[in-house]
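Each protein sequence line maps, in turn, to chains X, E, L and U. Count along the first sequence from 1, then add 468; that gives the number in our numbering. Count along the second sequence from 1, then add 468; that gives the number in our numbering. Count along the third sequence from 1, then add 26; that gives the number in our numbering. Count along the fourth sequence from 1, then add 26; that gives the number in our numbering.
Read the hints as simulated data drawn from the structure, not as lab findings. There could be a bad hint or two in this list.
As the list claims (entries may be wrong) - Derived BS3-like pairs: lysine-lysine, alpha-carbon spacing no greater than 27 Å straight-line:
hint	chain 1	residue 1	chain 2	residue 2
1	E	505	E	470
2	E	518	U	136
3	L	136	X	518
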Amino acid sequence: MKTSTRNERGATIVEVVGQIDLGSSPALRKTLLDSLKGTDRLAINLIEVKYIDSSGIASLVEVLKEARRSEKRLVLFGLTPAVREVLQLTRLSTIFEIRENEAQALEA
Amino acid sequence: MKTSTRNERGATIVEVVGQIDLGSSPALRKTLLDSLKGTDRLAINLIEVKYIDSSGIASLVEVLKEARRSEKRLVLFGLTPAVREVLQLTRLSTIFEIRENEAQALEA
Amino acid sequence: MNFHLRLVMPSHPCFLPVVRAAVGELGSIYGLPDEECRGITLAVDEALANIIRHAYKNRYDQEIEVYCEAGADRIEFRLLDRGEPADRAKICAQPLNAEALSGRGTHMIKSIMDEVRYEQVPGGNQLTLSKHLPG
Amino acid sequence: MNFHLRLVMPSHPCFLPVVRAAVGELGSIYGLPDEECRGITLAVDEALANIIRHAYKNRYDQEIEVYCEAGADRIEFRLLDRGEPADRAKICAQPLNAEALSGRGTHMIKSIMDEVRYEQVPGGNQLTLSKHLPG
Ligand SMILES: Nc1ncnc2c1ncn2[C@@H]1O[C@H](COP(=O)(O)OP(=O)(O)O)[C@@H](O)[C@H]1O
Ligand SMILES: Nc1ncnc2c1ncn2[C@@H]1O[C@H](COP(=O)(O)OP(=O)(O)O)[C@@H](O)[C@H]1O
Numbered sequence: 469m470k471t472s473t474r475n476e477r478g479a480t481i482v483e484v485v486g487q488i489d490l491g492s493s494p495a496l497r498k499t500l501l502d503s504l505k506g507t508d509r510l511a512i513n514l515i516e517v518k519y520i521d522s523s524g525i526a527s528l529v530e531v532l533k534e535a536r537r538s539e540k541r542l543v544l545f546g547l548t549p550a551v552r553e554v555l556q557l558t559r560l561s562t563i564f565e566i567r568e569n570e571a572q573a574l575e576a
Numbered sequence: 469m470k471t472s473t474r475n476e477r478g479a480t481i482v483e484v485v486g487q488i489d490l491g492s493s494p495a496l497r498k499t500l501l502d503s504l505k506g507t508d509r510l511a512i513n514l515i516e517v518k519y520i521d522s523s524g525i526a527s528l529v530e531v532l533k534e535a536r537r538s539e540k541r542l543v544l545f546g547l548t549p550a551v552r553e554v555l556q557l558t559r560l561s562t563i564f565e566i567r568e569n570e571a572q573a574l575e576a
Numbered sequence: 027m028n029f030h031l032r033l034v035m036p037s038h039p040c041f042l043p044v045v046r047a048a049v050g051e052l053g054s055i056y057g058l059p060d061e062e063c064r065g066i067t068l069a070v071d072e073a074l075a076n077i078i079r080h081a082y083k084n085r086y087d088q089e090i091e092v093y094c095e096a097g098a099d100r101i102e103f104r105l106l107d108r109g110e111p112a113d114r115a116k117i118c119a120q121p122l123n124a125e126a127l128s129g130r131g132t133h134m135i136k137s138i139m140d141e142v143r144y145e146q147v148p149g150g151n152q153l154t155l156s157k158h159l160p161g
Numbered sequence: 027m028n029f030h031l032r033l034v035m036p037s038h039p040c041f042l043p044v045v046r047a048a049v050g051e052l053g054s055i056y057g058l059p060d061e062e063c064r065g066i067t068l069a070v071d072e073a074l075a076n077i078i079r080h081a082y083k084n085r086y087d088q089e090i091e092v093y094c095e096a097g098a099d100r101i102e103f104r105l106l107d108r109g110e111p112a113d114r115a116k117i118c119a120q121p122l123n124a125e126a127l128s129g130r131g132t133h134m135i136k137s138i139m140d141e142v143r144y145e146q147v148p149g150g151n152q153l154t155l156s157k158h159l160p161g
């Protein structure tokens, strides 16, 4: 798994590429929590994520909780079938703010 | 592996999707030899072939020999790195007529 | 086809992508649609991650055996380890909860597979995961 | 990492995609660039196809063991079968020829791997394929 981060229209966008699993989720968790510190609005691009497991889901939940605590906004976009299916299995589809693409993720 | 066949500007185009190996190359061989019977010009689209082994290469060589024998034309196009590498390893890169894409494959 | 396949891997997370790649291909050999291939891959991966974290307590140099057998009507995985046996009372013990930072793996395994069985066998702990195949 | 992985598969071509998927992932774990991952995948696949066709003469219900060990400087595959031993005189015996319909597999294996060794061992026939890893 690799991530890259950039700023766009007042938001920070983290693009995740690869598989999120027990081996890679600690690095993802750290990247996301660090990025959240420096922004009011974090958008995570998951279009290149072909696999996510429960440890990756737990990292996303942790970032969401931290965003709520610090009154920031977290948006996920570009969900692949693999990501959608895991969110459904864990009944988290309605907990996250989910958008189709970057343009929508950056809208108000 | 799956194939689909269509006719375009006097040529027959066979599109191959998937992996060509010991298990799938007999079906590919048959499809290509059958297609060659009904056309003067056979173009094989390999853009969706992520794997080919020596049995797949042997099938292509067999079709090329049959094309030469019956004075027909055989063109390969859309070669992925995997296909290019195997043609290089087997020193067959210059034996086949190779084109970038369908438009070029259908040119005179 | 009534064939079986066996894989012995170190209890290190870096090998999980290897097993996932193999399980995904196995599913499609046996005619499972893409979503179910992803499902069994997820279930096996979650089960292996649990073995690494809970049975072997993150010791990465132990051994896990993955046995796969498929018949006409189902595909079955048996995972074998020699670590701490699972406490049955903890499996799916935490209800699925939007706030929790853990406790989802065993729920996912259970909702994906048709049968999930934790047992102790002479060789260690055995987890059986089985899934019906499409007619 | 000095770890090993073992896979026991039936001698049926339908399992070749499973092994290829696993070998490709293994290569990238050990830092091989994409082209070399594809290379070792091809070499192992060609070697397995040869075992199925030549050692087992297309009997699909036999067993092949694939053992993979990686150390700091190389990744090694050992393939074990209990079929006909390979006749060393036939390995790479046919020169690469644009007209031939066979005889390319062993040449590809040899040009991809750094070491290729056919031996008879107590358990059967062993083919060792090894490749240096990037520093
Ligand atoms: N293979 C196993 N060996 C030992 N304990 C296990 C095993 N699998 C699961 N458990 C126990 O079941 C609990 C629930 O597992 P799970 O739902 O995957 O969530 P988590 O691993 O996040 O706690 C674990 O915390 C652990 O106590
Ligand atoms: N594992 C093996 N067991 C027995 N014979 C083998 C094995 N691998 C290769 N051979 C012999 O070496 C020859 C050359 O193999 P190869 O170059 O792969 O071409 P092909 O398989 O197309 O003949 C085979 O025809 C066979 O006689």
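Verification of the supplied hints:
As the CA atoms of residue 505 (chain E) and residue 470 (chain E) are separated by approximately 20 Å, the hinted pair is consistent with the 27 Å bound. Of the pairs offered as hints, the one joining residue 518 (chain E) and residue 136 (chain U) holds, with about 22 Å between alpha carbons and a cut-off of 27 Å not exceeded. Only pairs whose Cα atoms come within 27 Å are accepted, and residue 136 (chain L) paired with residue 518 (chain X) is accepted, the gap being roughly 22 Å.
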